[in-house]
Amino acid sequence: MIYLVLALAVCFVLGGLAVASNPSPYYGVVGLVLASVAGCGWLVSLGASFVALVLFMVYLGGMLVVFVYSVSLAAEPFPEGWVGQGVVGYVVGLILVMVVGIVVGDFVGSWKFGVDTVDGVGLLSVRLDFGGVAVFYSWGVGMFLMAGWGLLLALFVVLELVRGLSRGAIRAV
Amino acid sequence: MPSMHLSFYSTFALSSLGLAFHRTHLISALLCLESMMLSLYIALTIWPVENQSTSFTTAPILMLSFSACEAGTGLAMLVASSRTHGSDHLHNFNLLQC
Chain V
1 MIYLVLALAV CFVLGGLAVA SNPSPYYGVV GLVLASVAGC GWLVSLGASF
51 VALVLFMVYL GGMLVVFVYS VSLAAEPFPE GWVGQGVVGY VVGLILVMVV
101 GIVVGDFVGS WKFGVDTVDG VGLLSVRLDF GGVAVFYSWG VGMFLMAGWG
151 LLLALFVVLE LVRGLSRGAI RAV
Chain U
1 MPSMHLSFYS TFALSSLGLA FHRTHLISAL LCLESMMLSL YIALTIWPVE
51 NQSTSFTTAP ILMLSFSACE AGTGLAMLVA SSRTHGSDHL HNFNLLQC
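Each protein sequence line maps, in turn, to chains V and U.
Residue numbers are given in the working numbering: position 36 of the first sequence equals residue 36, and the series is strictly consecutive.
Residue numbers are given in the working numbering: position 88 of the second sequence equals residue 88, and the series is strictly consecutive.
Heads up, incomplete: computed chain U residues facing chain V, CB under 8 Å, no partners named:
hint : residue
1    : Leu-31
2    : Thr-54
3    : Met-77
Derived by calculation from the structure, the hints in this document are not laboratory data.
The beta carbon of each residue, even a glycine, is placed where N, CA and C say it ideally should be.
With these hints in hand, go ahead and build the complete structure from the sequences.
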């Protein structure tokens, strides 16, 4: 059971590796889904269940869905596979970079681990992450309103970016 | 370095390398940006859990909302380039060519 967190952390890194070395955007999305599922499981096993649910619903269920149909807009109809030309070279090269980074940065002895969980100081009436995010509505209401304003602004930015026919900046048609 | 931090550090480094080496499609670069944001989210969540400090849990939520803005903007540029050039291949882009 103690190795569950280690296995989820390794799956997280494998998902990141799959995104970085993807032969086609379809496989990049697969890697990103794997990384976010592993990250969500990691957060749940630490006890931070609210932020794990936020990750699942907002990131995986919102942003990644939008990415999936943008990939279907943009990717080619006959994609390369993992055993294609040069992909294995990218994977091996990225793993090599990671290993060199671990060795040079002297992180080799760092796989001894004791993970501190959310209930580490005892059970509270409101859990750590629930109570923390609730700060958004009381003391952090300025941050909340700034984030909402930023999201509204992003909506208008997107409207202006995709405007075409010489009224916009990017499109020529 | 604390043990589990190595995994999201290396995910961030791998994704930024994938962003630097983006080859054919613009959306591969956007996917690498998204995995960088994911590793930052995990890092920002693990930090208050390890330090048992409650109010820093607002940081990952805030970061996620701004990351949604950035993803929307990147996808808008993808749609604009796909409508202009017919695909999102990076060798088609000519706005910054001299």
